Amino acid sequence: MARDGESRSYRRKFCKLCFDKVDRIDYKDDRRLSRFITDRGKIVPRRISGTCARHQAQITEAVKRARILALLPFTSDQYR
Amino acid sequence: MKLYETTIIYDPGLEEARINEELDRVTGPIAQAGGEVVEVQRWGKKKLAYNIKKRRDGTYIHVKHKSPATLIGEMDRRFRLNESVLRHLTVLAPKESPRAAEDAAKAETAARTEGDLRPEPAPTAAE
Chain A
16 MARDGESRSY RRKFCKLCFD KVDRIDYKDD RRLSRFITDR GKIVPRRISG TCARHQAQIT
76 EAVKRARILA LLPFTSDQYR
Chain B
422 MKLYETTIIY DPGLEEARIN EELDRVTGPI AQAGGEVVEV QRWGKKKLAY NIKKRRDGTY
482 IHVKHKSPAT LIGEMDRRFR LNESVLRHLT VLAPKESPRA AEDAAKAETA ARTEGDLRPE
542 PAPTAAE
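Protein chains in written order, with the working numbering: chain A, 16 to 95; chain B, 422 to 548.
Hints listed in this document are in silico derivations from the structure and should not be mistaken for laboratory results.
Please note that a few of the clues may not be correct.
Taking lysine-lysine pairs in the DSS-like style, the calculated list, with each CA pair at most 25 Å apart, reads [to be verified]:
(1) B/487 / B/516
(2) A/79 / B/423
(3) B/485 / A/57
(4) B/466 / B/485
All values derive from a computational prediction rather than experimental measurement.
Next up, chain A with everything else stripped away, as it sits in the complex (with noise of 0.2 Å):
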């Protein structure tokens, strides 16, 4: 039997945004920053997500600009 860590398959994470080549992020584009905040509403950090440094600092702007229009939630009441 494998050990922990050879069983389970690896992949490198890598900025998708830096893949598609993004060169801003819109905080009108809200379906493009769902794609970086948990159901529960919050930022997917970027040790999950791989995003890199500029990006993440982009979507955090965003996301919480977002927010101020409901675009996005601040949380999700199914939770509450």
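Fit chain B to the known structure of chain A by using the hints.
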């Protein structure tokens, strides 16, 4: 003068004529203060991600404008006093780079094919 983007969420109960009236109250002072209204987008009635003032929907209006900085504070004050405004947000518009314009165009087409309500943007000078 800097380029700003203002998004306003109005009460969904307002009819078209009232919205136009409200919009004039936004665009009027901009022109008066020597600014310029670059673009007005009507996103229409959208579902809110969370309730605001017990409303589930809101009528979204997005205005791109060049305004003197002193007007932004005044606009903010007026939105706060206006009961029909559920929410408003004014941010500096991103500086136009060729890549950004391209991305925006791509995002727009993608959004449209998925049946988005947002209207076709006015063609820019770069195109």
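Now the hints, each set against the structure:
| no. | hint | result |
| --- | --- | --- |
| 1 | B/487 / B/516 | 13 Å, holds |
| 2 | A/79 / B/423 | 22 Å, holds |
| 3 | B/485 / A/57 | 29 Å, violated |
| 4 | B/466 / B/485 | 19 Å, holds |
This entry does not satisfy hint 3, going by the numbered hints stated previously; all others are met.
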